[in-house]
Structures are given as C-alpha cells and as structure tokens.
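Trainee: Numbering (the UniProt record's numbering), first residue to last: 1 to 308.
FYI, nobody ran anything at the bench for these hints, they're computed from the structure.
Here are the simulated lysine-lysine pairs, BS3-like style, with alpha carbons at most 30 Å apart:
| hint | residue 1 | residue 2 |
| --- | --- | --- |
| 1 | K28 | K70 |
| 2 | K28 | K41 |
| 3 | K107 | K129 |
| 4 | K144 | K107 |
| 5 | K74 | K28 |
Keep in mind it's a predicted model, so treat the numbers as computed, not measured.
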Amino acid sequence: MVSSNLQAYNWDSAINKRVRLEFEAKQKGRMSNQVSRWKEKWKEKGDEAKPRWIDPDVWPSLVSFWRDPKSKLKSINSRNARYHDPDGLGIYKYRSGQTSYKARARKRCEMTGESTPDFLLLLDETHRKPDGSFIDRKSEEIYKEVSSKIQEEESLLCLGDTTESTGSGGLSVQAKNKIYAHVAPKKKCRIYGASSLQQEASSAYAGPVLPQDDPVVLSQKLAVAEALIANQAEKITNFDAYFDYLAEKDPEFAALFRSRSSTITEPVSSNQRPEVPNATNAGIGLVAVELEVVVIDPNSGSSPSDAF
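Using the sequences plus the hints, can you model the full thing?
Mentor: And the structure:
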C-alpha cells in the first residue's frame, strides 16, 4: 500500500524506512477489529454496510461465514471467554497487541543475551497499562508475589556466585522463571501470562524452586556462620590477653574469676552485688570481658578482687 501512496504523496527517499514503519503502525491500529466492525454494521444495515473498496467476491464469502451456525456458536463462545471472570479479580486481558509473545521474547533475548525470556518482565510488558497500573488484579497479585519470592531468594544468594545466581549475586533468569511457573495459576496445563510460550514455561516448571534446605543455600548459610564464629573467636582471644595480665597481677582475682565462670549456669543469687570502688579515685578503668572485667592500674595499689 505504501507503493501506491507514492503516486499521491512525495517525501525524501532517505526516510522511506521511517515512512513505512509509521504507516504500518497506524494501519495496525486502524485495521485491528476491522472485520468485527464490518460484521456489526452488516447486522444493522445488511449488504449496504459493504465497504465501497472491498472486492465484490470477498463480501459474499464474509456474509456466508457470519451466517454459518458453527461460526455463530464459535463467536458466542469466544465472547463469553473474553468476558469470563472466574475468580472475581477482573477479566483476563493482555496488552501485547499485534506483537506475539514469541516475538517479544525473541526481542528481549536479543537485548539481554539470555537464551530464555524473563516471564515476569513479559507479564509486566503485556499486563501493565501506560499509567503503571495493571489491567486486572490477578496480574498484579502474581507480579507482587513472584517479585517478593525473587527478592527473598536473592537475599540468600547475595554473598557469592552459585549455579542459580548471576555474577552480580542476583538470581538467574532460569531461577526466576522457576519461581514464576510455580506461582502463576494454571488451567489445562497452561500457565497464566505465558501465552504462546507454554513450552518454555513448562520447562521452567519442571525444575524445583530453590527450597530452604537446598545445598546451595545451606552452604551459604554455613559460610556466614563460620565467619561469625571466627570473628567471635578472635575477640575471645583478645579477652584472654586481658585475663592473663590481670591473673599475673592479682592471683586472688584470677581464682575468683575462675570460680564465677565455673558456676555461670547456677541461678543468680538474690543478694545485692557488692559496690565497686570509685573508679575515678582508684584509677580503675572498665573493660568488657564477660560484661565485667576490671583493668587495674599497677601503680594504684588496688586489687581487682575488690570489685567482686
């Protein structure tokens, strides 16, 4: 049709590609549901609704098709399916338009370099309006639940690379798709939001979602625990140095400290704790060793055992 328009309109040949793209984009909008509009006008006006430019041999074929009982039944069933609201969360719709899911998936894979599309991103593209809201509550609930589970799993894997993570510590597309396939509702083995990508969605569903007892997750938790233990052991070693110093200066303090340590599991006495001598006058500073370790100034002449 562009070639025929060249006879009536003129533009620089350098922008031919742009003209074609804009023309096709406008035609997609205008031609969408065109046959349905012809059918509605035909119901009202009969053959008078026939467009002037349509082939005379095509119009009778359309009318014959519209009158066919099988065609009418199919039309009714299709309409009921379009307006069906099974769970009260809104009619299932999508905004992919003339672009198929496979085409969207292929384009996104070319952009990201991944071998499989991210189902959550496709859901966002095809079920969210330009104003940011979702076309139905079902899509919004799925998006929020999948996003929440992905964030939860990524928080467990953020310490390093694993078979389920990317170099940045996030989940891989395959792992995200596993979560999506387990969260999204299914009907007749078809996963919601996957449309023509059912084969890819089924492959993702076959793999298990990362469980809490997954060896990868447990190994990460073990590494964190070992790091904390090593850090605490280093601090305890420093406390031992304080104790050795105090034990050398005051054997009575060392004996009393060991005695208190051996009875640490016994109930705390209800007797009031003896008062600690005035630290300012005695030149004593407090150091936290099991909540109360006293460091003594060797020139003060005071004994740490006085603090007990």
